[in-house]
Amino acid sequence: MKQITILSGKGGVGKSSIAASLAIALSKKHKIVCADCDVDASNLALVFGLKEKNFEQWKKISTNEKAYLNEKKCNGCKKCVDSCYFNAISWNEKKKQPVFDSFSCEGCGVCPMVCPEKAIKLVEVKNAKIGFGETKFGFKVISGQLEMGESGSGKVVAEVKKLAKEQAEDAELMVIDSAAGIGCPVIASVNGSDFVIAVTEPTSSGLSDLKRALQITTHFGIKSGIIINKFDLNLEFTKKIEFFASENNLEIIAKIPYDKSFVDALVDLIPIVVYNPKLETLFTKIVKKIKNNLETNHK
Amino acid sequence: MKQITVTGGKGGTGKSTVATALAVLLGKDYKVLLVDADVDCPNDHLLLGIKRKKVKIVYQRIPKWDFNKCIKCGKCAEVCKTHAIFVVKGKQPIFLPQQCNGCGACILSCPVKALSWKKKEIGFVFKGKKHGIDFISGELKVNEPVSEFVVNAVKKEIKKVESKYDFVLVDTAAGTHCDVIEALKQTDIALAVTEPTPLGEHDLELIIQLIKKLGIKFEIILNRFEEGKSVLIEAAAKRHGKKIMAKIPYKKEIMQAYSKGVPVRDNSIEKIKRLVIE
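As they're listed, the protein sequences go chains A and B. If you read the first sequence in numbering that gives the first Met the number 0, its first letter stands for residue 0, the second for the next number, and so on. If you read the second sequence in numbering that gives the first Met the number 0, its first letter stands for residue 0, the second for the next number, and so on.
Keep in mind the hints are simulated off the structure, nothing from the lab. Ideal Cβ positions, reconstructed from N, Cα and C, are used throughout, including at glycine. Please note: incorrect hints may appear among the correct ones.
Coverage of chain B stretches by chain A, computed from C-beta distances (three or more under 8 angstroms per stretch; other residues unrestricted) [said to hold, decoys possible]:
(1) 39-53
(2) 139-145
(3) 195-202
(4) 209-219
(5) 248-260
With these hints in hand, go ahead and build the complete structure from the sequences.
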């Protein structure tokens, strides 16, 4: 199964709208599955008009542990406080005991190692849920959502991708919608991809974040192309993006004009390519370019 | 000093637009520090045309091995929760610095004390000023996973100078994970910026859950507002016993100001200013 990942660096440039329509266009000739790897704020299923409550299944998962103190055993030596690199343990002078901040605890396991009284234990936490549902368009979408205040989004992304593979064993392509930013969940989304599409917009933020995001794909040695969304809002910046692309040997996969129907489609929860059939040709072209890239990868 | 943190869950809802516009407006009457805590993709300096000066390199500790001492027992790999250490039996450990969060479990586990610390650069802190406001921003080096360490370094810089200011305005990243949590902690009021789409509503709900869990006061700001299209967000606000604090209209001039790097001016920003001063 080949993996195509959509990323952007900057948020709100149209990743999920484009990912959903691209998935529909790809599904006309291929068996596909979609993975929403923005586990901080998962939206892809919604773009297909699929609400969380209509998923076939949700399950709670644990990719993290957190430290818990047995107060009776604690001798107040403060070794745990001094050893925590994440400042998750503070000292309560009144109680003469450490206080654990579960928001900051990474579950690294250092405090149980230094505790002479064996008063600290790591306990698994259910830090996320993952699930899958059938879209109206003949393929499944797999989503994940981190519980609020929990950490470990990178590992949850890996679980979403794993579930996508299990749920669609015979799929030829996995379309992955990544989170905004360039941190661990994005790195986890890109890892293992065959082709990356970076979506951007013609603003200084769009270009700056695009450059940062594409350094990740360069690091992994993954081929990538660019889609400039709302390209006609600022032609000067679009030129700058095109110049950046040609300097770095990156293909501009598509330039999409600003179109108010993108927002209207989102409001109605209908993928843009269905809402505005005029865009079908555009997405068919994008599909062709992606297939070219995947084939040349192979050689 | 009052700390205001601008966040929102969904990307591209206008967090930076609100943070920069509000900072400039408050800066007319007060001493203001604007902080860009979106260390993954910092953009506030671009929006305001601020030239940033690098003032600090952010380091993270990572282990190094003395292979003369290493007995190839594999204990370091066993205790590593982030899978940064690989050991094939009888061979020297292989270390993947990108995966390491610097916790120190490997060093504690080594029976022959073959491990010690060294440091790696993971990001930078910048300073600047323009439009009568001071500015601090953090930036994560690309391919480094632990954004929150850079956010922490930025927060340390804030601590050093915050007493000089009437308002500290913090702009967070999109999402709801560790770097956003770090930026939200210790804030006096959070402003959740959203847009009138079901996705905006969905992510607003998530960020409100997080803000409530952290026990922080919050207000909702609706960006790209159009008459008659804000029902979803009005309802979401009502669910949390809130009224929308301000509505920023969907206007071409605002989008153009954004794309030109000029702080946005609008009555809605004036309203936010009035309300945060109270």
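Taking the hints in turn, this is what the structure says about them:
| no. | hint | in the structure |
| --- | --- | --- |
| 1 | 39-53 | holds (count 5) |
| 2 | 139-145 | holds (count 5) |
| 3 | 195-202 | holds (count 6) |
| 4 | 209-219 | holds (count 3) |
| 5 | 248-260 | holds (count 4) |
Consistency with the previously given hints is maintained throughout, with no hint failing.
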